[in-house]
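Sequence lines, in order, name chains G and F. Counting the first sequence from 1 gives a position; the numbering used here is that position plus 1172. Counting the second sequence from 1 gives a position; the numbering used here is that position plus 1172.
Just to be clear, a hint being listed does not mean it is correct.
Derived list of chain F stretches under chain G, where covered just means 3 residues or more per stretch with a C-beta under 8 Å from a C-beta of chain G [claimed, not checked]:
hint	stretch
1	1300 to 1307
2	1564 to 1578
Mimicking SDA-like on lysine to any residue, the simulated pairs with C-alpha atoms at most 20 Å apart in a straight line are [claimed, not checked]:
hint	chain 1	residue 1	chain 2	residue 2
3	G	K1318	G	P1366
4	F	K1606	G	D1231
5	F	K1606	F	E1643
6	F	K1509	F	A1484
7	G	K1531	F	Y1525
8	F	K1606	G	E1255
9	F	K1606	G	E1201
10	F	K1531	G	V1296
11	G	K1531	G	A1448
12	G	K1606	F	R1294
13	F	K1318	G	K1509
14	G	K1531	F	R1294
15	F	K1531	G	V1298
16	G	K1531	F	D1231
17	G	K1606	F	E1201
18	F	K1531	G	R1294
If you are wondering where the hints come from, they were derived from the structure by calculation, not from laboratory data. Computed from a prediction, not measured in an experiment: that's the story for all the values here. For every residue, glycine included, the Cβ atom is placed at its ideal position computed from N, Cα and C.
There are 2 protein chains.
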Amino acid sequence: MTFAAVRTGSVQAPRTQAPPARVVITGVEPRVDCGRYAAKRIAGECVTVEADVLADGHDLVRAALLWRRAERDGGEWASAPMEPLGNDRFRGAFTPPAPGEYEFAVEGWVDRFGSWRRDLERRVSVGQSIGVDLRIGAAIVREATKEASRTGADTDARRLEEIATVLEGDGSEGERSVLAAGAEATALMDRWGPREGRARTEPLRIIADRVRARFGAWYELFPRSFGPDDRTHGTLRDVARLVPRLAGMGFDVLYLPPIHPIGRTFRKGRNNAERAEPGDVGSPWAIGGPEGGHTAVHPQLGTLEDFDALVAVCKEHGMEVALDLALQCSPDHPWVKEHPEWFRHRPDGTIQYAENPPKRYQDIYPLDFGCEGWRGLWEAVLGVVRFWCGHGVRIFRVDNPHTKPLALWEWLIAEVREEHPEAIFLSEAFTRPKVMKELAKLGFTQSYTYFTWRNTKRELEEYFTELTRTEMREYFRASLWPNTPDILHEHLQQGGRAACVERLILAATLGATYGIYGPPLETCDVRAREPGSEEYRNSEKYQLRHWDLDAEGTLGPLIARINRIRRENPALQRDDTLVFHRTESEDLICYSKSSPDLDNVIVCAVNLNPWREVWGTVELDMAALGMEAQEDRTYQMHDLLTDARYTWRGARNVVGLNPASSPAHIFRVRRRARSEHEFEYYL
Amino acid sequence: MTFAAVRTGSVQAPRTQAPPARVVITGVEPRVDCGRYAAKRIAGECVTVEADVLADGHDLVRAALLWRRAERDGGEWASAPMEPLGNDRFRGAFTPPAPGEYEFAVEGWVDRFGSWRRDLERRVSVGQSIGVDLRIGAAIVREATKEASRTGADTDARRLEEIATVLEGDGSEGERSVLAAGAEATALMDRWGPREGRARTEPLRIIADRVRARFGAWYELFPRSFGPDDRTHGTLRDVARLVPRLAGMGFDVLYLPPIHPIGRTFRKGRNNAERAEPGDVGSPWAIGGPEGGHTAVHPQLGTLEDFDALVAVCKEHGMEVALDLALQCSPDHPWVKEHPEWFRHRPDGTIQYAENPPKRYQDIYPLDFGCEGWRGLWEAVLGVVRFWCGHGVRIFRVDNPHTKPLALWEWLIAEVREEHPEAIFLSEAFTRPKVMKELAKLGFTQSYTYFTWRNTKRELEEYFTELTRTEMREYFRASLWPNTPDILHEHLQQGGRAACVERLILAATLGATYGIYGPPLETCDVRAREPGSEEYRNSEKYQLRHWDLDAEGTLGPLIARINRIRRENPALQRDDTLVFHRTESEDLICYSKSSPDLDNVIVCAVNLNPWREVWGTVELDMAALGMEAQEDRTYQMHDLLTDARYTWRGARNVVGLNPASSPAHIFRVRRRARSEHEFEYYL
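Could you put the whole structure together from the sequences, leaning on the hints where they help?
In structure tokens, the structure reads:
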């Protein structure tokens, strides 16, 4: 091992005359997979960084947080001081001003002047003579003088020289030590003092997203079902007319399944029949026909101009369109002829269709992303995304990303975000947990989750504790869906309307980002294709439907109320403050979310049993809610769903929830602030 | 972001025609600080490695563990298969044959042949035609043929070609699919089959030590106290005569405080008096006089030949000598004149003595490891260690390593171990937790701990859980000392003999490596210099003492018995299986250790109150002891200290311990193996 090979912290010591850095920096947070991936944050919000910064001996160690926008050629680092928290831990913060990728690093050094002054004070306090020590201090100040001169800070340099001269001069030891401890010397030496044994970490990365990446309500619908009746193919213009209603209900994102031409070869019929009957519309995910592929609009839906008009209407109403990026082709997709090299060929000369042996999906050809012409294919996919970005789309829901190379996504998302840092990618990967995590790490802004299959209290608590209390919180943003066109869970099928309400409220309060496959959920249409199936009967995936969303008893008004509660309460706009509270009953789940300043605290209690009323004690974790001092005092619980107000006392209170009438409380804890960290409760 | 910048796992994709690796490898264990440091293991013992290895899609993924001795120029990698554990986790193992540094890496790839064959079986099971699929398989086998040919494995290549020919030939589909699934095809394809989308991690490091690094009993003494009486300076020859007794008591290591010439300038007197009286012998840590420095033997102790003789006697008795490496100089050390540049100079021309302001230690000059001539100084220190290695020393107890640069130790220890992989360095750093951890990470084989100050049940359980259940277990080997020449804890001062026995048993059973500052502990001499001090009265650090180790009532026989128990029970020779068990009383602590195969299980129960008998229920964690199936059966607890045998039933049993007679049980759980994982207990 040579001297040059001695590394301190993660910093390689340069092969210079100076010894390796004295300072070691470890345990930097946030950090995903040892820094391989970026942690996710929101632009305009503070990013807190912590690190262990330590050195041998007893000298004072100091640290700074360096940060900058990540650019190809780097840029100037901004610097913020880090505060010591004790036990060699330091904390600093910065705020990324706009969406984009940022780098940060931690720098640590031995503060010779500060250490000297601390020791000087100790000597003075026991009356030791400090003449020689003051001369040592003067020498340290003179080093700072040199540094200031070198940088052209001549005024500072002159003043430092004056201080050094006084320190080693003939004044009284008392006067001289007071000068050394003064504010002026401190400020100048903080700026110019020698930073001995300095170490700096490798840069770590932060992705700063816009707020929509963290908080939003999505509505999914099939445009073709919004024609004037169930025999007439709906259009994008029909959907545009629906936008004011959706905006009025508080939705932020309108998500459309693929809007491209649909293949004819091996087209599936109604209820996924192997063969389509004449007039069957086919699955929107069998993308491509003679009319075009991934950059074309299905003629029956309208034109590209109609799409632009839909985007414009959404924008007018504060919403935006999310498109489905499904990287697969029908046998009629133009690429099949134009780029046969992008598909896998079988020894009999046919193109390999999709399959999950022994199941075959002959209406779909997968793309071979590892083929010889992979670069062309990858660029073509990027071209598709750029095309829709050019039409105002900034949100992409990616279909089955786990069946395409992970590296494709890392590259694609980075490329798109370099041009459009506000772009959002939602990963629709329902697969093995580590693959889902990897997709989130490598760049997906948001991810579908197992929420749909987590129905018991224990399942929900375990899963959401993992999402919000492990390293996942740094990179995995959950998007919660009570239902999707592919998943109609048994719980909804059996629980009916009460289960729909229960799962809707769970999704909208457990998840700052949630979505619904709207029409069936609003109308509580939970009929399965057959028993044991998660497919809808007469699924819109294969046929037109017609929905009466304004009929008596639909969930529209409730959904609107919930979305309004979400918008009015910052606690529900984030997931990192989620806390579960103990309850007596397996059917009763209770959790809270709060704003970081504890000004807005929401407590939810939900009946998980759609068939039975539940009564049970809820035991609030008072400390987590900043209420530890009020263990035996009363406070008000304001149910934002019903506007009822309850008086609670202490941690343990009883809740009763009837699935038919009110399956959940969404309480706002009402209290009046007395000081920053102490509250006085109403009543 | 360019294609080349797409990395998968920790592997940078090469800028070639091939797409980036499909496989991602994360979560590799063992790994210290993201791979910055080596994990510690024992040569000749199995190193288990786990990793998450995953890829997109549904193809079979496989993984291999690569390992080799770490050498300047690298070397051939050995390879071992890794077994899938489920949930994308894989496990493999290798055994480092000898002490030294090793590297390992994990490689993962998509198994095209295996995936193809799995799918083939699924097709066959539902009676699909597989003609085309067999031709696809033939093509995969032909790729393996090419690989085998390329490597010169002509026999394998020929056989593979034959298999390919049959697969695409005219035989029945059944016969051909049987051939594809056969053992021969499997073995050949495991060896030569295409490894698609292959990824490999950066190498991680393992330090393999000899067993003594994990397990050993140390005895510390001041040689000068073993003269014929308390007025005559003892010698190394006197100590050599003591070796058979220490070996007989079961000690492995004889640790000597510095044996070098002692300075005269500012020499300390008895009980750390500021000035020595004539005849005072001074502190051995004030190293260096006109007779020499760190490579000289104090003339009053004898000669280098006497030292060599002591090393030889130890070796003869299965023991070895540990030397104290204290990198500081008395003002009379030869380096002060020969290398004034290695010391810090004050503006008044004097050399800076050691201080912790306002305290001054004028008998000691610290070395300035960051001085301009640091390379020369660092090499000189290495020279000192090499000198004593040349005299047969392989264990160094390093004094206050935390007051010297961390990088010095990383470099020094690596240099020494490159020549002497069996070298052991014990860090005597009693300082802030993260600095102690850093020293262990960067290379110290063993570390002193806070054990000495952890006296209550809660303190002990918390501390030893941290040591054995967090990342610390990978790099921090605890060396437990009930007492040292610097630390006579209040608990011993007040608890007297019972406390000495209690702390001795705790150290020897909680720690596979433990040590005692022998003479005071054997004789229970726990008198403090003054109340509130952790210093001994008439400390050997400043004067000669005379010890009657064979007097009535000393702890010698008990210590010998404990060391024999340690040697006879593999459970006590490791720390990684430590488990604490619940007890009813704060004065009663209970813990177990076991051999990995659960063949040897030791349960200790210790009374932590030296003044009072304790009775209480112990509730064993039966699962941790491999006894879950015997919850309601009886078994035998054999107290190895007293040879008494107790019959226990189930998890909860009562224990009574009298500090005066038997403050602890060291039980061996007696049972007869019925099968590998099932035991039948003795009545």
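Which hints, by number, does the structure contradict? Numbers 6, 7, 12 and 13, in rising order.
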